[in-house]
Amino acid sequence: MLLFGHPLIQTEQWFRVDLLSSIDLTPPNCTIVLADIEKYADIAKHCKENSVSFACEVSSIKQAVIANALNADYILCRDKRQAVEIQKVANEYLWSAKVISIIDDENDIESIAKLGIDGAVINSHIKSCLSQ
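For the sequence shown, the residue numbers in my numbering are 1 to 132.
Because the hints were derived from the structure by calculation, they are not lab data. It is possible that part of the hints are untrue.
[Stated by the list, open to error] For each label pair, taking beta carbons as the anchor points, the in silico distance ranges come out as:
hint, residue 1, residue 2, range
1, N50, K127, 14 to 24 Å
2, E12, H46, 15 to 25 Å
3, D42, S111, 31 to 41 Å
4, L20, K62, 20 to 30 Å
5, S128, H46, 16 to 26 Å
Glycine included, each C-beta is placed from N, C-alpha and C at the ideal position.
Working from the sequences, and respecting the hints, build out all of it.
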């Protein structure tokens with residue numbers, strides 16, 4: 001199971017962006033986080049073309065399929081039930097993208113592990129680089 005944002009585990013930084021130009025404000029080797037794959041498809045395509053790691057927050061299986069097709073590294077889910085459904089699809093089609101549940105704190109790690117989700121990110125680990 002992948003785990004991002006736990007104080008004992010060193011991982012790359014994650015930055016939420018909403019403009020292509022905001023990527024320039026992020027440190028090298030970070031993961032770009034997009035709030036909506038359809039709205040920010042241009043940023044996803046840029047990341048794919050430039051080998052920039054990115055994650056997409058999704059609210060449906062359709063969005064998860066699109067995110068995977070655009071080569072997202074991580075597919076983020078806030079709802080645990082939705083994460084389970086998306087994980088089933090990801091397993092069936094052998095997606096390279098990992099399904100990651102957004103959790104509030106480390107107390108949720110065990111429940112995510114029991115559900116068989118690829119991983120979890122503690123919400124506070126995702127920094128903002130949003131336009132004003």
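For which of the previously enumerated hints does the structure constitute a violation, in increasing order of number?
Of the numbered hints given earlier, the structure breaks none, since each of them holds.
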